[in-house]
Amino acid sequence: MPETIEDDSVGIVETQIIHFSEALMLECEKTLAEYDIAYETYGELNADASNAILICHALSGDQHAAGYHSMDDKKPGWWDSAIGPGKAIDTNRFFVVSINNLGGCKGSSGPNTINPETGAFWGPDFPIVTVKDWVKCQYRFMQSLNIEHWCAVIGGSLGGMQVLQWAIDYPDLIKHAVVIAAAPKLSAQNIAFNEVARQSIMSDPDFCDGHYLAKETVPRRGLMLARMLGHITYLSDDAMRDKFGRELREGKLNFGFDVDFQVESYLRYQGRSFVDRFDANTYLLMTKTLDYFDPASEYGDELAQALNKTNAQFLVISFTSDWRFAPERSREITRALLEAEKRVSHIEIDANQGHDAFLIPIPHYMNVFGSYMKNVAEDLS
Amino acid sequence: MTQAIEHLHGIENGGLRADLDIISGWIQPGTKVLDLGCGDGTLLAHLRDQHQVLGYGLEIDRFNIEVCVEKNINVIQANLNHGLKSYFADKRFDCVIMSQTLQATEQPDLLIEEMLRVGAEGIVTFPNMAHWSARLQLGLQGIMPVTKNLPNQWFNTPNVHLCTLNDFEKLCLKHDIQILERAVVDHSHKKGGWLTNLFPNLLGEIAIYRFRRNP
Chain P
1 MPETIEDDSV GIVETQIIHF SEALMLECEK TLAEYDIAYE TYGELNADAS NAILICHALS
61 GDQHAAGYHS MDDKKPGWWD SAIGPGKAID TNRFFVVSIN NLGGCKGSSG PNTINPETGA
121 FWGPDFPIVT VKDWVKCQYR FMQSLNIEHW CAVIGGSLGG MQVLQWAIDY PDLIKHAVVI
181 AAAPKLSAQN IAFNEVARQS IMSDPDFCDG HYLAKETVPR RGLMLARMLG HITYLSDDAM
241 RDKFGRELRE GKLNFGFDVD FQVESYLRYQ GRSFVDRFDA NTYLLMTKTL DYFDPASEYG
301 DELAQALNKT NAQFLVISFT SDWRFAPERS REITRALLEA EKRVSHIEID ANQGHDAFLI
361 PIPHYMNVFG SYMKNVAEDL S
Chain B
382 MTQAIEHLHG IENGGLRADL DIISGWIQPG TKVLDLGCGD GTLLAHLRDQ HQVLGYGLEI
442 DRFNIEVCVE KNINVIQANL NHGLKSYFAD KRFDCVIMSQ TLQATEQPDL LIEEMLRVGA
502 EGIVTFPNMA HWSARLQLGL QGIMPVTKNL PNQWFNTPNV HLCTLNDFEK LCLKHDIQIL
562 ERAVVDHSHK KGGWLTNLFP NLLGEIAIYR FRRNP
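Those protein sequence lines, which keep their order, are chains P and B. So in this note's numbering the end of the first sequence lands on 381, straight run, no missing numbers. So in this note's numbering the end of the second sequence lands on 596, straight run, no missing numbers.
In case anyone wonders, no lab produced these hints; they're calculated from the structure. Backbone N, C-alpha and C fix where the C-beta goes; we use that ideal spot for every residue, glycine too. Careful: at least some of the hints might be erroneous.
Unchecked claim - To give a feel for the contact side, a few chain P residues facing chain B, derived at Cβ under 10 Å:
(1) 328
(2) 334
(3) 335
(4) 338
(5) 341
(6) 343
(7) 350
(8) 368
Extracted from the complex, chain P is given alone in its bound form (with noise of 0.2 Å):
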């Protein structure tokens, strides 16, 4: 927990709702006639409103990407060493806005508030939602603070995915894209992960066909395994490696299945801690928002033609080792831009963090993410 507060943080900041009542229709042709959308947001938006920031957040992230709810918080938001004073996402120079995704489990509708149709909660009955989805409430988010456009939208992994979805279904109101450790879709080797992951929420038999919270259980065990393997994928081996080798947890081997080295026991320590802080029904929907995300899709497959339209600046940033999302991976959304004429740069972060380089504040990463801010500051007269 903070003593005190660090100078360049946001400071205690507070989680706040707004109720939509316009039915939203979404890509699976169901309509949710109403929803939450619970957001934080850093810094002042400006007199003539030209300084908001969305940032996307990623398969387990929420609305509280900075500061701390309490003095009592452990840790603060998840990319506080990204946003706040000072900080490359410059909360004395933007407006940062930061929503839980429909879906979600942190305050915004998903399966884990009530249906008010139904009165029991949503469960496994809450529709999957898609990135694209996403992007539309995120949109209707923003006419709701009377912000006509921002002048960047920002995102790592999944988060990245809704930048470049942002781009292409409304160029005109982003002028600046900052797509981090992302892919213009999964590859059957990223969609098999997610496929094991929710095999074993689902086969757990506390998951009750996903009814779990109406029976007052949690599918404990399938979502630390979910959670387990997802974390596997997010390190590097190098960084496993230096982080655990090869180490013991007692000293000595214990000729027994339960844990024996350090690396057993940090995964089943954040399997555990997950649990406590996230839904199992909201992991299952997430990792199909995933699956499903392929803006090429609609432009015959050619992701140039998709991004054709598009009138932001992009930055793309890709780590060296995350083997989740690959440098490849992102080369092909350069790629697609360069062919569709647009202004992009492209950073490859020489990390060995693996897919979680990207929440890590690596100098190259910070001085390139901050400089480019900066000019997306300037670029507000």
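Go by the hints and put chain B onto chain P.
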């Protein structure tokens, strides 16, 4: 190091360095340009601001990249030795420039082919290994030349494929490449006088060529 960077990318006498000035004079306004090994983006910034060029740079050095991003240059972090295939389809550019980089690449001949694959024209500049000062050092002293343009020793030089004007022109002939323009400048990047232009391979320190595929 600072000296080397100034040497390669600096601005002299408050204007654009003479070789870059020659290059920018060869670029048509409003065209699309790729600069391979764009350094700190000086040329691209000039072409963008003065010639309304849509420019992109490839660069490997992270410090140069930070400066490019600061200057709001479109820069792609990439290793030229891996070729241009992962980023560029055929004939995307009006002109592809490679300034003071050719001699440090692994396969200059293949890279020149790549330049003409992605662009209609190419421009290269390189230090001339047949300049009289280099000839004197190798011919009389029997040592690998160290000059203002080639400041490194043989054991630590990044310049693994040095050549002369004659070498370059022979390569162009072999690869069916038409030379459109040639210029030479001295070590302080001053444009060559009449004598230099008469004996470019002896008196020119830096060679600048504009070329395309033979029509």
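Now the hints, each set against the structure:
no.: 1; hint: 328; result: 7 Å, holds
no.: 2; hint: 334; result: 6 Å, holds
no.: 3; hint: 335; result: 5 Å, holds
no.: 4; hint: 338; result: 6 Å, holds
no.: 5; hint: 341; result: 7 Å, holds
no.: 6; hint: 343; result: 5 Å, holds
no.: 7; hint: 350; result: 8 Å, holds
no.: 8; hint: 368; result: 5 Å, holds
Comparing the model with each earlier hint shows no violations; every hint is respected.
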